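J.: If you're matching them up, the sequences are chains A and B in order.
Note that this note's numbering has the first sequence beginning at 1, numbered continuously upward.
Note that this note's numbering has the second sequence beginning at 1001, numbered continuously upward.
To be clear, the hints were calculated from the coordinates, so they are not data collected in a lab.
Hints should not be assumed to be uniformly reliable.
Cross-link-like lysine to any residue pairs, in silico, SDA-like; alpha carbons within 20 Å at most [as the list claims (entries may be wrong)]: (1) K126/A - H29/A; (2) K1130/B - N30/A; (3) K1028/B - G225/A; (4) K126/A - F1155/B; (5) K1033/B - I127/A; (6) K83/A - F57/A; (7) K1187/B - K70/A; (8) K1158/B - N30/A; (9) K1066/B - S174/A; (10) K1033/B - R122/A; (11) K1247/B - F288/A; (12) K1092/B - L1299/B; (13) K241/A - L114/A; (14) K1028/B - T231/A; (15) K1025/B - S174/A; (16) K126/A - K1187/B; (17) K1066/B - I1082/B; (18) K1291/B - V135/A; (19) K230/A - K1024/B; (20) K70/A - P1023/B.
Given the structure is predicted, the values throughout are model-derived calculations rather than measurements.
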Amino acid sequence: MKSLETENANDVAVEVTTEAPIRHRRLNHNAFGYIFSIPFVIVYLIFHLYPTVYTVFLSFTNARGLDQEKISLLTTNIFDNYKRILDNSSFREGFVNTFAIWIMNFIPQMLLALLLTAWFTRHRNKIRGQGFFKVVFYMPNIITAASVALLFSALLGYPIGPVNDLLVKSGVLSKSYYFMNDKTIARIVVAFIQFWMWYGYTMIILISGVLGINPEIFESADVDGASEFKTFIHITLPNLKPIMLYTLVTSLIGGITMYDIPKSITDGNGGPRNATLTNTIFIYNQIFSGDYNYKNASAASMLIFLVILVLSAFVFIMLTDKDEAQEKKENKKRMKEFRRAQKLAKQGGGF
Amino acid sequence: MTLIMDNNGVQPELTSIQEENRPKKKKKAIVFKIVAYAVCIFLALLSIFPFWVMFINATRSSPEIKAHGVSLIPSTHLAQNIDYITKQGEFKAMRGFFNSLIISIGSTLCGIYFSTMTAFALVAYEWKLKNAFFTFIMAILMIPAQLTGIGFYKFMYKIHMTGSFIPLIIPSVAAAGTVFFMRQYMKPSLPMEILQSARIDGAGEIRIFHTIVLPLMKPAMATQAIFAFVNSWNQLFMPQMLLLRDKTKYTMPMMVSLLRGDIYKTEFGAIYVGLAMTVLPLFIVYFLLSKYIIAGIALGGVKG
């Protein structure tokens, strides 16, 4: 069946090139490139682009309150909202919290994912049951973050909760400790949940990256007698760099906009005492636990957006610049070799 | 980004030509294996333990949980806990389940169908703005919805769409991540000759899309559908903004916050049952489809 179809197709190809009317029709059907893109473009314009532009607009207005009659652009100090947000201590606190929580989650997450990747892609002493381990490590990622957060908060419950129960009964603590009322511990718990939910995902991405590296490189390293450790440091890691940077950027964006876990783990307002207040919770609270302060919320959104843009651009520029530098270096080397070869050829005469 | 898509999934099988019989090496290998398996088993237990405690405690009564926070064996109070959680308070698992189901199915269908269509436009036709359009899709790929949510909410409020599921479903028609993945999958695998011969047979482009392209893309669509569904199901920020005022519209993740209510403060078993109800559908989906999910992440890694 299939071969018959391809035969037909070959015939068609001939016809197309010889008959003018069909060629005309072919030009015509390319218009469907536009037609099939229309739903995407329309929905994007209405539900994505317009809200984005509108958010930018609101950040330069006096918008406040649910049913405000007239929203007007700021005329004198157009960056007033931004200034006010930058001076807002809760916003600053939220910004610092968000970064602290993200770093506490990302560094261990990447290190563990790299270690597991090194183990799972070894060529000697293969680890069995990898399929099972991957499924189990990834499992927390698919579970609703809000549920996971409440589950951890229940496990760390005070005065009665499983973790306190275990620690008191085993003699580590003399009496129950209110973990989620401790600012540092609350932050660490949020970071841990984030780490626990995402290291499996990062590991699977990194493993697939290793499997995409040309196996010949590993073969020659093996022939040269390089140890697994050296092979990983000198061959696998440099080849994984683009994927690691991709994970870095996606994790950074996810981390900066983190909402579900800190929202569900304590009182819903980033407690205890603003310890887990993140950017997105701050933005949400400007609207819903106050007086619909759109100007503040939109200015805060735009500031965070700007931070994301700058950081992502920085990461990508760092990546491409280094590659370009490498290329330049290699070009120089090649030129040198070429010149030397020319020189040799000249010296060698007709040889 | 493209590098990730390039993985062909072929495991490099290397033949070690080095002697491995030397006892020192063997000893090292054994130590490595012990350490590696110990760490892996520890991590596996770490993944399972919280959920284990949740499911077990869902079957235990509050006095039992007070006496021993952790138990390895289930008790007999499951029915009692379920009875409490379904009759008392505002937490309504079934309502949350069906609300989430409507939103997730709606947005998944919209997302997959129109993303495949957009990808088809990007792969099968030659048009002037094609490359510009693809670059544009790459550029918007990573814009987080949370940061434009303020404008979105105010816009929806103005057109009286808050409290409706539509703003949670329709925007997925323009899912850049899904379009990107579908395009990467479609580009090498769509046989242009078949399209051409269908055209000669007089089939229109819309018919070609529905009768040839969609069936061919089924595997990729299924993978993306799983991720789209789970992503939509787990969404908290947008639904919470739009549906906050109407408790009958709460989605499953929003129901979770109701478990913090005062009436559950001392009903430990009931809280665990409520939590178990919110995650059970995902566990079922995961254990049925984990193979495809793991393969799907390795392929594209496009998430939320």
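J.: For each hint, tell me whether it holds in the structure or not.
T.: Verification of the hints:
no., hint, verdict
1, K126/A - H29/A, "violated (53 Å)"
2, K1130/B - N30/A, "holds (11 Å)"
3, K1028/B - G225/A, "holds (16 Å)"
4, K126/A - F1155/B, "violated (56 Å)"
5, K1033/B - I127/A, "holds (8 Å)"
6, K83/A - F57/A, "holds (16 Å)"
7, K1187/B - K70/A, "violated (50 Å)"
8, K1158/B - N30/A, "violated (39 Å)"
9, K1066/B - S174/A, "holds (17 Å)"
10, K1033/B - R122/A, "holds (12 Å)"
11, K1247/B - F288/A, "holds (15 Å)"
12, K1092/B - L1299/B, "violated (37 Å)"
13, K241/A - L114/A, "holds (11 Å)"
14, K1028/B - T231/A, "holds (17 Å)"
15, K1025/B - S174/A, "violated (47 Å)"
16, K126/A - K1187/B, "violated (35 Å)"
17, K1066/B - I1082/B, "holds (18 Å)"
18, K1291/B - V135/A, "holds (8 Å)"
19, K230/A - K1024/B, "holds (19 Å)"
20, K70/A - P1023/B, "violated (83 Å)"
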